[in-house]
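Top line first, the protein sequences correspond to chains A and B.
All residue numbers for the first sequence refer to our numbering, where the first residue is 1 and numbers rise by one.
All residue numbers for the second sequence refer to our numbering, where the first residue is 1 and numbers rise by one.
Please keep in mind that the hints were generated in silico from the structure rather than gathered at the bench.
Careful: at least some of the hints might be erroneous.
[What the hints assert, rightly or not] Subject to a maximum C-alpha distance of 30 Å in a straight line, what follows is the list of computed DSSO-like cross-link-like pairs (lysine-lysine): (1) A:K105 <-> B:K66; (2) B:K66 <-> A:K100; (3) A:K57 <-> A:K68; (4) B:K20 <-> A:K100; (5) A:K57 <-> A:K37; (6) B:K66 <-> A:K42; (7) A:K42 <-> B:K55; (8) A:K57 <-> B:K20; (9) B:K64 <-> A:K100; (10) B:K41 <-> A:K100; (11) A:K22 <-> A:K68; (12) A:K100 <-> A:K42; (13) B:K41 <-> A:K57; (14) B:K55 <-> B:K20; (15) B:K55 <-> A:K71; (16) B:K41 <-> A:K42.
Listed below, chain by chain, are the residues.
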Amino acid sequence: GENVEQHPSTLSVQEGDSAVIKCTYSDSASNYFPWYKQELGKRPQLIIDIRSNVGEKKDQRIAVTLNKTAKHFSLHITETQPEDSAVYFCAEAETGANSKLTFGKGITLSVRP
Amino acid sequence: GAVVSQHPSWVICKSGTSVKIECRSLDFQATTMFWYRQFPKQSLMLMATSNEGSKATYEQGVEKDKFLINHASLTLSTLTVTSAHPEDSSFYICSARGTSPAYNEQFFGPGTRLTVL
């Protein structure tokens with residue numbers, strides 16, 4: 001991975017609404033795209049990931065979409081809840097023994113009750 | 001499964017002292033471990049990649065003589081911050097990857113909060 005841009009940097013939504021966070025990347029060789037949720041002072045937790053051979057993946061209220069042509073991938077959270085409030089990081093990596101994750105700068109999601 | 005622990009969870013030390021942080025994969029063998037540093041309200045910055053039985057690979061700008069990494073076994077990697085100074089105060093997080101690199105997934109430890117006085 002080379003560079004991952006994440007935007008917006010902050011997002012505030014009303015409880016029950018949907019939240020969408022987008023990341024763009026520059027390395028065309030990247031083929032693994034995870035999303036992490038990090039609560040204050042805690043470890044990043046993998047919430048969903050996608051590989052380049054699929055365009056979309058869903059897990060209950062969370063989904064990720066990937067557009068390899070445009071080099072961007074997005075996290076979709078539906079029916080947001082206050083406990084979804086956290087910092088979300090996207091990342092990307094190539095497959096292989098020397099693979100390492102490159103993280104975006106993170107977005108602070110606030111869900112207003 | 002895939003649990004990674006770190007010890008200590010927090011440490012306060014005086015300037016000039018050295019601090020060792022341990023990262024353990026509890027239920028799987030980690031051929032590769034990664035060390036990250038995270039300053040407040042910032043992203044995770046990779047410091048180095050540690051492979052069992054070989055020298056760590058440091059990222060650009062990370063002093064290898066200051067941040068000593070040892071990956072002595074498939075379940076343990078240590079990071080030693082030598083001659084720590086206040087600017088080294090940060091949240092240090094390790095992660096571990098299993099023996100199938102094709103899967104990429106890294107499992108993170110709970111982090112170590114280092115405060116240098």
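Hey, A:K42 versus B:K55, does the alpha-carbon distance stay inside 30 Å?
Holds, at about 28 Å.
Given hint A:K68 paired with A:K22 - CA-CA distance at most 30 Å
Roughly 13 Å between the alpha carbons, so the hint for A:K22 and A:K68 holds.
Under the criterion that the straight-line Cα-Cα distance not exceed 30 Å, is the pair A:K100, A:K42 satisfied?
OK: A:K100 and A:K42 at ~21 Å, within 30 Å.
Holds or violated: are the alpha carbons of A:K105 and B:K66 at most 30 Å from each other?
Holds, at roughly 25 Å.
Between the alpha carbons of B:K66 and A:K100, is the straight-line distance 30 Å or under?
With Cα atoms ~22 Å apart, B:K66 and A:K100 stay inside 30 Å; holds.
For the pair supplied as a hint, B:K55 and B:K20, confirm whether the alpha-carbon distance does not exceed 30 Å.
With Cα atoms ~17 Å apart, B:K55 and B:K20 stay inside 30 Å; holds.
Hint check: B:K20 vs A:K100, CA-CA at most 30 Å. Holds or violated?
holds (23 Å)
Sort out whether A:K100 lies within 30 Å of B:K64, counting only the CA atoms.
It holds: about 18 Å lies between the C-alpha atoms, which stays within 30 Å.
Checking one constraint from the list: CA of B:K55 to CA of A:K71, max 30 Å. Satisfied?
Outside the cut-off at roughly 34 Å; violated.
Taking only the CA atoms, is the gap from B:K41 to A:K57 under or equal to 30 Å?
Answer holds: B:K41 to A:K57 is near 29 Å, not above 30 Å.
A:K57 paired with A:K68 [C-alpha distance capped at 30 Å]
holds (14 Å)
Pair hint outcome, A:K57 versus B:K20 [Cα-Cα no greater than 30 Å]
violated (40 Å)
Comparing the model with each earlier hint shows violations of hints 8 and 15; every other hint is respected.
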